[in-house]
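Colleague: The listed protein sequences derive, respectively, from chains P and B. Each residue of the first sequence is one higher than the one before, counting from 1 in this note's numbering. Each residue of the second sequence is one higher than the one before, counting from 1 in this note's numbering.
Simulated from the structure, these hints should not be mistaken for laboratory data. Treat the hints loosely; a few may be bogus.
If several chains are the same, the list does not tell them apart, and a pair holds so long as it fits within one copy or across any two.
[Claimed, not checked] Pairs of lysine-lysine, BS3-like flavour, derived with a Cα cap of 30 Å:
1. Lys389 - Lys356
2. Lys235 - Lys389
3. Lys356 - Lys273
4. Lys235 - Lys356
As the structure is a prediction and not an experimental result, all values here were calculated from the model.
There are 2 protein chains.
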Amino acid sequence: MNEQNAVIDRFLSDHLDDYIQETMRLCAQPSVSASGQGVRQCSQLVAEMLSRRGLEVQSFETPGHPIIVARAGGASPRRLLFYNHYDVQPAEPLELWTSPPFEPEIRDGKVYARGVADDKGEFVARLAALDAVRAAHGGELPCGVTFVVEGEEEVSSPHIAPFVLEHLDLLAADGSLWEGGGVDPDDRPGQVLGFRGIIACELFVETMSRDAHSGGAHILPSAAWRLLRALAGLKDENERILIPGFYDRVLPPSQADLDLIAQQPDFEDHYRKTFGIRQFVSNRSGQELLTSVFEPTCNIQGITTGWQGPGTKTIVPAQASAKLDFRLVPDQNPEEILELLRAHLDAQGFDDVRIKAHGMMWPFKASEDDPLVRLTHSTAEEVYGMAPKPPVPLGGGSSPAYAFSGPLGNIPVVHAGVGYPHANGHAPDENIRIADFLNGARHIARLLNGFADL
Amino acid sequence: MNEQNAVIDRFLSDHLDDYIQETMRLCAQPSVSASGQGVRQCSQLVAEMLSRRGLEVQSFETPGHPIIVARAGGASPRRLLFYNHYDVQPAEPLELWTSPPFEPEIRDGKVYARGVADDKGEFVARLAALDAVRAAHGGELPCGVTFVVEGEEEVSSPHIAPFVLEHLDLLAADGSLWEGGGVDPDDRPGQVLGFRGIIACELFVETMSRDAHSGGAHILPSAAWRLLRALAGLKDENERILIPGFYDRVLPPSQADLDLIAQQPDFEDHYRKTFGIRQFVSNRSGQELLTSVFEPTCNIQGITTGWQGPGTKTIVPAQASAKLDFRLVPDQNPEEILELLRAHLDAQGFDDVRIKAHGMMWPFKASEDDPLVRLTHSTAEEVYGMAPKPPVPLGGGSSPAYAFSGPLGNIPVVHAGVGYPHANGHAPDENIRIADFLNGARHIARLLNGFADL
Chain P
1 MNEQNAVIDR FLSDHLDDYI QETMRLCAQP SVSASGQGVR QCSQLVAEML SRRGLEVQSF
61 ETPGHPIIVA RAGGASPRRL LFYNHYDVQP AEPLELWTSP PFEPEIRDGK VYARGVADDK
121 GEFVARLAAL DAVRAAHGGE LPCGVTFVVE GEEEVSSPHI APFVLEHLDL LAADGSLWEG
181 GGVDPDDRPG QVLGFRGIIA CELFVETMSR DAHSGGAHIL PSAAWRLLRA LAGLKDENER
241 ILIPGFYDRV LPPSQADLDL IAQQPDFEDH YRKTFGIRQF VSNRSGQELL TSVFEPTCNI
301 QGITTGWQGP GTKTIVPAQA SAKLDFRLVP DQNPEEILEL LRAHLDAQGF DDVRIKAHGM
361 MWPFKASEDD PLVRLTHSTA EEVYGMAPKP PVPLGGGSSP AYAFSGPLGN IPVVHAGVGY
421 PHANGHAPDE NIRIADFLNG ARHIARLLNG FADL
Chain B
1 MNEQNAVIDR FLSDHLDDYI QETMRLCAQP SVSASGQGVR QCSQLVAEML SRRGLEVQSF
61 ETPGHPIIVA RAGGASPRRL LFYNHYDVQP AEPLELWTSP PFEPEIRDGK VYARGVADDK
121 GEFVARLAAL DAVRAAHGGE LPCGVTFVVE GEEEVSSPHI APFVLEHLDL LAADGSLWEG
181 GGVDPDDRPG QVLGFRGIIA CELFVETMSR DAHSGGAHIL PSAAWRLLRA LAGLKDENER
241 ILIPGFYDRV LPPSQADLDL IAQQPDFEDH YRKTFGIRQF VSNRSGQELL TSVFEPTCNI
301 QGITTGWQGP GTKTIVPAQA SAKLDFRLVP DQNPEEILEL LRAHLDAQGF DDVRIKAHGM
361 MWPFKASEDD PLVRLTHSTA EEVYGMAPKP PVPLGGGSSP AYAFSGPLGN IPVVHAGVGY
421 PHANGHAPDE NIRIADFLNG ARHIARLLNG FADL
């Protein structure tokens, strides 16, 4: 280990408790972008945390929640962009949390809170890395840094893409560290080279002006049945999406992708245990669980119709709605798919089914040969004391990284962070391990350190 | 009009305001059987109202809500049984009410409140009729009366049938006046000779032990999709229910039924306006809207799964449930149909879909030639000043009358009451017209008066 890394590691070990406290303060501030709960207060807290470190902070209003941009110069003209988000998923169902989601608690070396893994703990780990690198460089940074911290990632980042296009000069950078790093079930770090796109949308049906007594169900049109039939026409029993043209731009995995996938650890048992799964989709197993990420999906996030209270209510529902998300693979285009969905519903006679788009992201995929990808790989090996796993060619989730990489000159996008497989992201008892926080901060500090000389 | 009827009518006119006030007091007491809200307090209020009139009142506990039985003797040994219920449907959606559902309000000659039409106003109209007949008979009743007032009609009366079987002596009667009478869109009174049966049940699916991130939708089994597929297998596009054996006991309408239906007024425009209907089920219209009541239904009361808050939540739901009701026609047997539903789901590979039965009722149908049916018809003609409409052979709703008529010796069951087509039963702004309340009480008093001599 070189001298700078020794200083960095000592600094982080000495101040670990402070950073965990800072993480817990940030998590104690709710910031549910779907409902708006606490979001603005959280954006101010984030701005203060960055400003306190001497970065020049700007808060940009959007039609939704504010985007925070914070910049600092460094010894090298090269600049690394950090993307994070300060918003979190809704905490429901509350009864499944061991401790309240917005009252962070440490148990067994883990911090429990909504958002601690996705993505507040990671954000604080980066601030810690920044502080540590400065300590190793006599207070200076080796390269410039730009933080972009948005408040709408959990609602599909509807305003980040136009924001980037409108602020290309402000956001100019030579590489980017994205959110979402960490270790696998064997505690091995790794890279994800790309992510699927997404359309988050909602379908609405209204068949009557009010609910009616179900004694008239032989004649009164049911919104529940109509929605159900519209949904049933979207996907067949074999998970094949029935929208004409949906698969036209789908690229199958390349041989390089398949080679990388073949080197991935098996997570079948992990998923079976974590989610109590008896049978995967289409009875998939083994390698197919990994390769099927190259297949786009049509997921139902939720359905709302009729009586949902206790017991029974003899009504024919007049209204029904379903929240959907489609995960898209390279080179599908979400704007085009949304038009195909509309055309399909119309063609099936469902022109009364209204579609509201909540947000969309494009799929994207980077090269495993990029120097920043390689730096991330080699520094991970030093920090974690083992060879990182082979890069994952495509992650199942979606990332607004697509909106930065292309417009900023096809800059590389890498991941390093604090996650682990039992973090329960988007679910009750979300948590991080404190040991992962420390390693994540050490790794990020090394990226900052090495980035100037790439 | 004979002298007794003149006394009755004068009494009811003189005391109309008092009875409307009594109705409003009863409606101000919530009694939502589905949630339990206020139900016990309402049962006590009903017991007091009956006791105050000198009836011998008993309150019977059930596994659900209490059943009130009140009896009084009369000059004749013949006895008329009145069935009512003191429970009401949930009041939601509250924002669609003009005035709060449990704060009764008089507007434009109508009383607005949850339950005022179904069935509290009708119950008070019967008490008024009882008082009026006594006034015309020097304080005596011409025949015995038995009130049965239950608290679970709106949750399919799960305990009334066994209760009747266990209390045949207490409930012995020569005829029965059921709930649910009133006038049609032309203000004409009428009879309904039978009702459909019902199974109210709920389907539950659990595919995982917790919700998961929808980035895994290509492999993680969705409870929403699984429920949707199970439901889609219950009914085809033409409303034909796909459960094998479901139609085996279905009796088609007789020629007498069709003759009665042919004499019914057309309600197509009324329904189109009231419910803003563009297209009826299976594009039915005209006479078919009436005859199709002889077809059983499979209705979705509500579906609950996944995220139902504002915006979007990128999850694969682990749990999903649907509340259903099947309306059954003579001679379908709900216990048998429930078994067929289970067998069908199993045969379709949905043995993991759990069924919970919330309640069931049998279909039944009386003869139009019965003397009590004829008395109801002739007294209605005098009260309303017009020929009643021809009896409806089968109502679309369900009635626990099935549980009384057979066990008590196939006693006739008739209807007389305070309803009208814009009463909004089970819906926001439920109401009765005060004029209908008066006519209903006059009609019921004449039935009491004439029943001794049938």
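Colleague: All the hints need checking, so say for each whether the structure fits it.
Modeller: Hint-by-hint comparison with the structure:
For the homomeric pair lysine 389 and lysine 356, neither the shortest alpha-carbon distance inside one copy (40 Å) nor that between copies (48 Å) is at most 30 Å. In this assembly of identical chains, lysine 235 and lysine 389 lie within 30 Å of each other by CA distance neither inside one copy nor across copies; the values are 35 Å within and 50 Å between. Proximity of lysine 356 and lysine 273 under a CA criterion of 30 Å is satisfied inter-copy only: 28 Å between copies versus 36 Å inside one chain copy. Taking the shortest Cα distances, lysine 235 and lysine 356 sit within 30 Å of each other both inside one copy (19 Å) and across copies (28 Å).
Hints 1, 2 from the list above are not met by this structure, while the remaining hints are.
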